[in-house]
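Trainee: Single-letter residue listing:
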Amino acid sequence: MTGNMHLGVEEPIRECQYNQICTHNSSTMDTPHTKKKKIKRKWQVFPGRNKFYCNGRIMMAKQTGVFYLTVVLILVTSGLFFAFDCPFLASNLTPAIPAIGGVLFIFVMGMLLRASFSDPGVLPRATPEEAADIERQIDTANGPSGPGYRPPPRTREVLINGQTVKLKYCFTCKIFRPPRASHCSLCDNCVERFDHHCPWVGNCVGRRNYRFFYLFILSLSLLTIFIFAFVITHVILRSNRTGFLSALKDSPASVLEVVVCFFSIWSIVGLSGFHTYLISSNQTTNEDIKGSWSSKRGKGNYNPYSYGNLITNCCAALCGPLPPSLIDRRGFVQPDTPQPVAQTNGTGACPSNQVQSHMT
Amino acid sequence: MATEFHNLQELRHSASLATKVFIQRDYSDGTICKFQTKFPAELDSRIERSLFEETVKTLNCCYAEAEKIGGQSYLEGCLACATAYIVFLCMETRYEKILKKISMYIQEQNEKIYAPRGLLLTDPIERGMRVIEISIFEDSGSTSSSSTGSPSSGTAQ
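Sequence lines, in order, name chains W and Z. Following full-length UniProt numbering, the numbering of the first sequence begins with 1 at its first residue and continues without gaps. Following full-length UniProt numbering, the numbering of the second sequence begins with 1 at its first residue and continues without gaps.
Keep in mind that the hints were calculated from the coordinates and are not lab data. Keep in mind it's a predicted model, so treat the numbers as computed, not measured. Think of the CB as a built atom: it goes at the ideal place given N, C-alpha and C, for glycine as much as any other residue. Please note that the accuracy of each hint is not assured.
[Unchecked claim] No more than 20 angstroms apart at the CA atoms, straight line, and that leaves these computed lysine to any residue pairs for SDA-like:
no.	chain 1	residue 1	chain 2	residue 2
1	W	Lys166	Z	Ser28
2	W	Lys166	Z	Phe35
3	Z	Lys34	W	Val158
4	Z	Lys68	W	Leu318
[To be verified] Which residues of chain W face chain Z? A partial, calculated answer using Cβ under 7 angstroms:
no.	residue
5	Ile58
6	Leu123
7	Glu130
8	Leu159
9	Cys319
10	Gly320
11	Leu322
12	Pro324
13	Leu326
14	Arg330
Using the sequences provided together with the hints, build the complete structure.
Mentor: Set out below in structure tokens:
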């Protein structure tokens, strides 16, 4: 309870320490300050299909193979560039080239890791009481149903900025999804402002990591164009001195780099362009694919979330406030059954603990 | 209207949880965090309407402040981007600061207003910002434990 909130904050940690000592002694005696079971962190009992690393600090999707491929491609191409092309370019043109390349590379990797490792904006599932409350409201709203009568799909309608938006009920998470949220079937979570699930990044792209994703593909476009341009420059300069074929023989890595960059540029630059369009019109990939706000759906159909102004839309998406994670991965799991026992303080009837969520 | 003054500790020991009321989100302004100010029927006999509305309106204001897109948030966003978001390892975001303020406010409201009436507000952040959970406690004479009472048949909010 709030009166003992301060005690309540410290108690679980103290209990945890006691617990560790107790399990070593394998004491089965139940003292008021210890529990039989080791207290778990919330990520360990997370219901979605995510993988967690570093004791809950890092959160990714289940399938991460393609993510490792992304990392390897970027590291190898950039590594070859710095190792084989940069010495020549630095000495013959300017040392600013490897410097700028280095900054770009670090930025790309930073944004990639940030997009991959952070919580995209997962909505925690409803507590049993919440779910029961919603069920009751739905039953009341739908009215009595006889046998063989299939109840209509559970939706709620909301008027947002003059546009009617349907909120759907998620059967897995047992909540009515907020507008723009969607359930990712791969991760089995509802994600706020769901954009898409990106296998290259190994995570969903949602409200909390969309800007990292966008900056990643934008900076990666710049990096690939940068590497492509300067590798070509390198080969041309060398060919002027020694001829084309011997230039290629002297710097074989350049061929590999050019090939990788050439094929990457089309897809990555295209994707950056697409997402720039999405950001400027304040739409998600999900909405764009479904044509939710397309004028083809009806005359009065428009995007109620757009600020109307291209600049404002961009600023809101990239420089808006970053909400903290709602799932509190590293918090401790409270005992489920509240027992109003007089002995202990802070456990049992205490509904919740102070949230120690950190944004990563 | 309960006029007895209950200590929070006394409340926990002498009261048992009767039911929970959930204040849902109000999406009429878009995706910003805002809660419905509609007064739930279950609280009719427990607390004055004005006090409840005051609490919810203050919370809505705080959340609006946190999600406001303006000068300070742009500054924070640009600074963060320029430092590749490393700056957030040392400094709290404005949103987190306001959430802390909200926690303190809810605690204060609980102590001053809600607990004396046998109610308890749960911080929305602990329910994924979906609902404000209000637990209604009934005075029970004995301290014999009964597990969470099944919620009485509620009316639609």
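Trainee: Run every hint past the structure and note whether it holds.
Mentor: Here is what the structure says about each hint:
no., hint, result
1, Lys166(W) / Ser28(Z), "holds, 12 angstroms"
2, Lys166(W) / Phe35(Z), "holds, 18 angstroms"
3, Lys34(Z) / Val158(W), "holds, 13 angstroms"
4, Lys68(Z) / Leu318(W), "holds, 14 angstroms"
5, Ile58, "violated, 14 angstroms"
6, Leu123, "holds, 5 angstroms"
7, Glu130, "holds, 6 angstroms"
8, Leu159, "holds, 6 angstroms"
9, Cys319, "holds, 3 angstroms"
10, Gly320, "holds, 5 angstroms"
11, Leu322, "holds, 6 angstroms"
12, Pro324, "holds, 6 angstroms"
13, Leu326, "holds, 5 angstroms"
14, Arg330, "violated, 14 angstroms"
In this structure, the earlier hints numbered 5, 14 are contradicted, and the remaining ones agree with it.
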